[in-house]
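S.K.: These are the residues of each chain, in order.
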Amino acid sequence: MSDKPTFSGNADQRALAEQIFRIMRTQGALFATDAPIRQTLGNLVDYFAAQRKADPAQVQQEIDTALRKNHSVFTREEHDGDVIYVISRLGAYRPRPVDQTHMFKHRLYEPDNPLPVDDISVVVTTTRPALTTVEPVFISDYWQQQAGVAPTTIEPADETEAVVAEPAEQAAVAETVEETAVPVVAPVVVPVPSQINTLVTLPNGVQIDLRRSVEDLMGQYGPTLVAQFRAALENDPLRRIVTFGNDVFPEAAVANFGKNDLRRIRDYLIETGEPLLDTQIIADIFYHNPRQGDYEPFRFALNYRLNREKDFEFVGVAGARLWSTKGLPAIGGKRIKASEMGQIAGYLEEDFDDSLADQNAESIRQDGTLSHLLTFFEWEYGVLPFTKALGALLPAPLLPDQRTAMLRFESPQHYTSALVELRYPTGNRGGWLQGLEEFFHERLVPGAQITLARTEEPHIFTLTYEEQAEAEERLLVLDEKKNKFAFANVTYYCLVDNDMLLNQQHYGRLRNLKSLPMNERRKGDVVLEHVFETVGEPVGTRSEPRYYAAADDLYVALNVLRPASRSYLEHLLEQGEFFQPDETTPGAWYYTPPPEISEDEDEDLVEEEYEDDEE
Amino acid sequence: MDAKNVIFGETALEKLVQLLRAGGQPRDIVWLTEKYLEILRELVLAEEQRS
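In order, the protein sequence lines correspond to chains A and B. For the first sequence, the working numbering gives the first residue as 1, with consecutive numbering after it. For the second sequence, the working numbering gives the first residue as 1, with consecutive numbering after it.
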């Protein structure tokens, strides 16, 4: 966008005005864009007369005429007989308006969210000082109204008050009422529809009319009202009502837990070796019975207090409040660090999550089941990326800052179960499930179709697969000791998608794939280049290598080193500098690696640079 | 009370605390929000009736 103003006058005048504008703008290059830049006519004449070697008087007239023609840009001022022109970097100089609508003194005396005032002594001390000194204390109208000291300012209202009609004869007989004992005619109150303000403004600016019924209001604004009310409770400086999840209770009635209680809970969790439900902790440590009247308040207190202790972490979901503590064994081993996995799964948060392309989130929620094809990475590390499809099946976090939830996946086919950690997405880092490595390795192969389903317990799920007759193939495996991929005979009994099965026949080249370190695998483009070089068919020459591969094969191969969706792969191919689509075959791509500089050439270049320096 | 003096989540919170304490059991926040709206309605509509 150009910020140059337009100039008027004939061609010479326009050119001159533009030149002067450029000079003055250069003079104020470091000024604020709307700050005034001033220059005298005398200085301009000296400069142009010297430049053009012309008569100063004539130059002065030319400049003055040109700038008068462009008075919309050049503001002319006269001081002590000298003519001064003013512009700004944006063009004409316009003084900045002074905004006094948000003054600190207003905010100080009339804050947006003031503390509740039950008594004026909260604001100003009412106790008498030791030495009585008369000092004026300013109390704003606002606080005086809050404390009931000053009457509330009533804004002029046209029809707000009921009209009291006084009969005319009442005034006439008023003086003789007592003597004549004439029955007094009562003032007739004519009812007028009240115009009293019933609109309450919520902190987010939404206005609700309290004339409407509670059902109506909750029906229309339910989630907003609950969210605003929750925020208000959390912001209450006196913390009169506290929350845990969706439960609320008065803080004063919440039982306290001593250090000894907390130590006993922690020891019990460590002894058990896995997170425990709040009900289990209460039953086993505090011997409380659910039939006791104070059971639910005690349960609330336990959850609320543990949530405020840094040694404990809430890892439950709505309906199953599980607690973990420091020192419990990690779920899913230590092969992948959480920080690395979060970055690897980050593509899901960058809108490359196509898990709902074939299935509907609503149907997953209703049916409570989800089918999924296992990729090599998922199988190898027992990890499932937290896609939107998985999000529709699994429970949402109960607490706003909750990072993880512990779930149990049961296998009804084998009567086994696995404790699985669900890491929720945070910011630009994706979420994932981990802890299924053992089950996957024992029962499944990459390419197997698994079905996850809800149970009646909110934190327990089932994991099933379709069984089939014994099959044996040479499949890709990772030899972790040598850190190399290889093919080995594997016998399996599950139904697989043949396109996703990494057998030697189809994906033989994958044995040359390098098992890149995890911190390199988060760079999708780098991993794809390496995968393309490995799995692609060489179609170039030794000096100018080029590879050719189908996107379907690249998808399977890329998912050996890192999870990736088809849309993410497509994005990498389209954005990659060295990838070209095959115009004749849809879904096929070429990869031309950038020319590498050999070590000899590199050394030669360095030597040449040194020689140049010496010269 | 005039509705313009109502601060949502602050005005009449003490009444809500008393209500919760009287019940003696933790309650759902949706239930509490409804009760709070009822209390605010009573306050504002009582003013309307007085005027």
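It is possible that some hints are incorrect.
[Stated by the list, open to error] Derived list of chain B stretches under chain A, where covered just means 3 residues or more per stretch with a C-beta under 8 Å from a C-beta of chain A:
(1) 13-27
(2) 35-47
[Unchecked claim] Here are the in silico distance ranges between beta carbons for each label pair:
(3) B:Q25 with A:V490: 32 to 40 Å
(4) B:Q25 with A:E274: 24 to 32 Å
(5) B:N5 with A:E251: 20 to 28 Å
These aren't lab readings, by the way, just hints derived from the structure by calculation. Even for Gly, the Cβ is constructed at its ideal location relative to N, Cα and C.
S.K.: Against each hint, give a clear statement of whether it holds in the structure.
M.R.: Structure-based check of each hint:
Taking a C-beta to C-beta cut-off of 8 Å, the segment 13-27 of chain B contributes 10 residues in contact with chain A, enough for the three needed, and the coverage statement holds. Judged by the Cβ-Cβ criterion of 8 Å, the segment 35-47 of chain B is covered by chain A as claimed, because 8 of its residues qualify and three suffice. Checked against the hint of 32 to 40 Å, the pair B:Q25 and A:V490 fails, with Cβ atoms roughly 57 Å apart. For the pair B:Q25 and A:E274, the supplied restraint of 24 to 32 Å holds, since their beta-carbon distance comes to about 30 Å.
At roughly 26 Å, the beta-carbon separation of B:N5 and A:E251 lies within the given 20 to 28 Å, and the hint holds.
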